[in-house]
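There are 2 protein chains.
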Amino acid sequence: MRILILGFCAFCLWGCGSKGGDSGVKVEKSTAVFDWKMVTTWPKNFPGLGTAPEDFANMVRQMSGGRLNIKVFGAGQLLPPFEVFDAVSQGTAEMGHGAAYYWAGKARGAEFFATVPFGLNAQEMSSWIHHGGGLQLWREMYQPFGLRPFAAGNTGVQMAGWYNREINSMADIVGLKMRIPGLGAEVLSRAGALAVNMPAGEIYTAMQTGVIDATEWVGPYNDLALGLHQVAEYYYYPGWHEPGVVAELIVNVKSFDSLSPDLQVIVEVAARAINQNMLDEYTAKNNQALKELVKAHGVKVRRLPESVLLELRNIANKVISEQANQTELTRRVAASLEKFKSEVMAYHSISEEAFYKARRAD
Amino acid sequence: MRILILGFCAFCLWGCGSKGGDSGVKVEKSTAVFDWKMVTTWPKNFPGLGTAPEDFANMVRQMSGGRLNIKVFGAGQLLPPFEVFDAVSQGTAEMGHGAAYYWAGKARGAEFFATVPFGLNAQEMSSWIHHGGGLQLWREMYQPFGLRPFAAGNTGVQMAGWYNREINSMADIVGLKMRIPGLGAEVLSRAGALAVNMPAGEIYTAMQTGVIDATEWVGPYNDLALGLHQVAEYYYYPGWHEPGVVAELIVNVKSFDSLSPDLQVIVEVAARAINQNMLDEYTAKNNQALKELVKAHGVKVRRLPESVLLELRNIANKVISEQANQTELTRRVAASLEKFKSEVMAYHSISEEAFYKARRAD
Numbered sequence: 001m002r003i004l005i006l007g008f009c010a011f012c013l014w015g016c017g018s019k020g021g022d023s024g025v026k027v028e029k030s031t032a033v034f035d036w037k038m039v040t041t042w043p044k045n046f047p048g049l050g051t052a053p054e055d056f057a058n059m060v061r062q063m064s065g066g067r068l069n070i071k072v073f074g075a076g077q078l079l080p081p082f083e084v085f086d087a088v089s090q091g092t093a094e095m096g097h098g099a100a101y102y103w104a105g106k107a108r109g110a111e112f113f114a115t116v117p118f119g120l121n122a123q124e125m126s127s128w129i130h131h132g133g134g135l136q137l138w139r140e141m142y143q144p145f146g147l148r149p150f151a152a153g154n155t156g157v158q159m160a161g162w163y164n165r166e167i168n169s170m171a172d173i174v175g176l177k178m179r180i181p182g183l184g185a186e187v188l189s190r191a192g193a194l195a196v197n198m199p200a201g202e203i204y205t206a207m208q209t210g211v212i213d214a215t216e217w218v219g220p221y222n223d224l225a226l227g228l229h230q231v232a233e234y235y236y237y238p239g240w241h242e243p244g245v246v247a248e249l250i251v252n253v254k255s256f257d258s259l260s261p262d263l264q265v266i267v268e269v270a271a272r273a274i275n276q277n278m279l280d281e282y283t284a285k286n287n288q289a290l291k292e293l294v295k296a297h298g299v300k301v302r303r304l305p306e307s308v309l310l311e312l313r314n315i316a317n318k319v320i321s322e323q324a325n326q327t328e329l330t331r332r333v334a335a336s337l338e339k340f341k342s343e344v345m346a347y348h349s350i351s352e353e354a355f356y357k358a359r360r361a362d
Numbered sequence: 001m002r003i004l005i006l007g008f009c010a011f012c013l014w015g016c017g018s019k020g021g022d023s024g025v026k027v028e029k030s031t032a033v034f035d036w037k038m039v040t041t042w043p044k045n046f047p048g049l050g051t052a053p054e055d056f057a058n059m060v061r062q063m064s065g066g067r068l069n070i071k072v073f074g075a076g077q078l079l080p081p082f083e084v085f086d087a088v089s090q091g092t093a094e095m096g097h098g099a100a101y102y103w104a105g106k107a108r109g110a111e112f113f114a115t116v117p118f119g120l121n122a123q124e125m126s127s128w129i130h131h132g133g134g135l136q137l138w139r140e141m142y143q144p145f146g147l148r149p150f151a152a153g154n155t156g157v158q159m160a161g162w163y164n165r166e167i168n169s170m171a172d173i174v175g176l177k178m179r180i181p182g183l184g185a186e187v188l189s190r191a192g193a194l195a196v197n198m199p200a201g202e203i204y205t206a207m208q209t210g211v212i213d214a215t216e217w218v219g220p221y222n223d224l225a226l227g228l229h230q231v232a233e234y235y236y237y238p239g240w241h242e243p244g245v246v247a248e249l250i251v252n253v254k255s256f257d258s259l260s261p262d263l264q265v266i267v268e269v270a271a272r273a274i275n276q277n278m279l280d281e282y283t284a285k286n287n288q289a290l291k292e293l294v295k296a297h298g299v300k301v302r303r304l305p306e307s308v309l310l311e312l313r314n315i316a317n318k319v320i321s322e323q324a325n326q327t328e329l330t331r332r333v334a335a336s337l338e339k340f341k342s343e344v345m346a347y348h349s350i351s352e353e354a355f356y357k358a359r360r361a362d
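Chains as they are written, first to last, in the numbering used here: chain S, 1 to 362; chain Z, 1 to 362.
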């Protein structure tokens, strides 16, 4: 962080009051310029996940009139992707962009702020975070690490992943070596798979060399970009394990507190803007990519059998209960999510879901 | 609008470049303070629709350090709600907040930017506007009026409305005097209803006095606030006519162009933030309100019969085709929407919709 004291100024950026003041009055004001680093878990400029932080940085620079300049680093450029949390916590970088389930080994229960198997979709997660108490709990969980979290993107409902064999029953999951993060990994482990996590940049090679034989990543728009159709034949839906993954912005609290109030609000509002814009991008781009995967690359799209989805949901319920029981805070987080889910499922059954049905019914 | 030239300043808000400049250099800069008026079509501080513009004004004031101060007026405070479009076009107020279908009599095809019967839901509308070409078309449509539109809120899928009799077949729609705006009004007219439009503030009295005998407004959270359960017995779903109404921010182009680039981006990003935040609020609040309507007030919730929904959809398709054929621009708007809908329906059938089904299946 670099702060320049630029001297006396006839107009202070904030705090002058809404009437602007008198041009004859000289206000002594330190005008700080911040050059910040943002480290991310995504390949530099990766569609959606990686371009959203760049959009964020551009918006913040423009809104702040060049007073807050954020340089975005892709995975591995400054540090390995899974070191983002610690780096921002320690102040090596002022900001990070990733997903909370990558930090569950450090902040217990963090995965609840990314996505929950059979949990909330994108619209519902954003609502829980911003109007259902989620954000307060998330801040409480990250406070011991000196981090302030913001929702900053969402993928929408993902695909269930890439496989080299058909999944006709639970028996076909046994023995799978699959890349999958978060609570979904725990569910698949209990179903007999060997679940491993790795960042985006390693998935293709791991599939190609047989280190893993199945993987999920995001959805057609992103999976096409990673080239996963070159290393697997079957593409399954729906993404039961990740129905609306929240991308997170984390900010070092001391750095955040050093910002003037206007810059703090600029950071918060810009995060909100990319939180929606990333979802808008996925929503617009996924189908074109899916058509390309099927028509140009011969990918076979399959629905997971009802019996498999039901069994996975049963396992998921047990996993969620156990993860909820780790600490007093995880209990409160899980209870808040569960209450919200029950309410929103009731209303969405007669609104969003009933509308989807009415729109396409023959 | 009031512009104060505050004199010389050692630091310019934008354009200094990211390195902040040299404290020894004095930069001559006009630092303008704007006191703007925003007129809205909603009752002052009405939940969601009316609080979003207030949130917007607060965010803009904070992000601009008090340089852009927007005073929000509710319907009727400065001018009647349906005069918002003309007032902002003429510069009586710099900004307005409403919904595009209120202006279809002035800007042909404007209703396509609010909502279309059996069209796109909130997530899809935001995606079409921001990543599917919608915003460019919307700007083109409002350009002759000297207005710049922004998406600034969404209600999500609405309810089909309030009735004093059960709707068991299309015959029950014949003769209904119903408050309903936009393309939905045209659909119901062709089904034999007498469709009329009126702003929120007039609906309750119109129902009470029998001027109308059915109405839609938004959904449980808003309809409870209007007290519609006191004037009707049956509450129908799903909101086929308004699956995701976009609330719009309109800005007088000359006023917008008078803002410095940082303030222009602040306006744009704040609009984006309330675009999501309003939907987040409705998503969180609707079910609690619905429970109150049912348990405390005895409202009878009903689903429109499949046969009625199918027939309404057939009529809607004809109405949309005709409305699309008004001008060269409306043809392009409708074609863009139709293409987007076809793509997004295909993908959402295997993602959002398939997930809803997997989440609740027994």
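Careful: at least some of the hints might be erroneous.
Copies of one chain are not kept apart here, so a pair can be met inside one copy or by any two copies together.
As the list claims (entries may be wrong) - Computed list of lysine-lysine pairs in DSS-like fashion (alpha-carbon distance at most 27 Å, straight line):
(1) LYS357 to LYS339
(2) LYS291 to LYS357
(3) LYS106 to LYS254
(4) LYS37 to LYS339
(5) LYS300 to LYS177
(6) LYS357 to LYS318
(7) LYS357 to LYS341
(8) LYS300 to LYS339
Hint data in this document are derived by calculation from the structure and do not stem from the laboratory.
Worksheet item: Can you give the numbers of the hints that this structure goes against, from lowest to highest?
Response: 4
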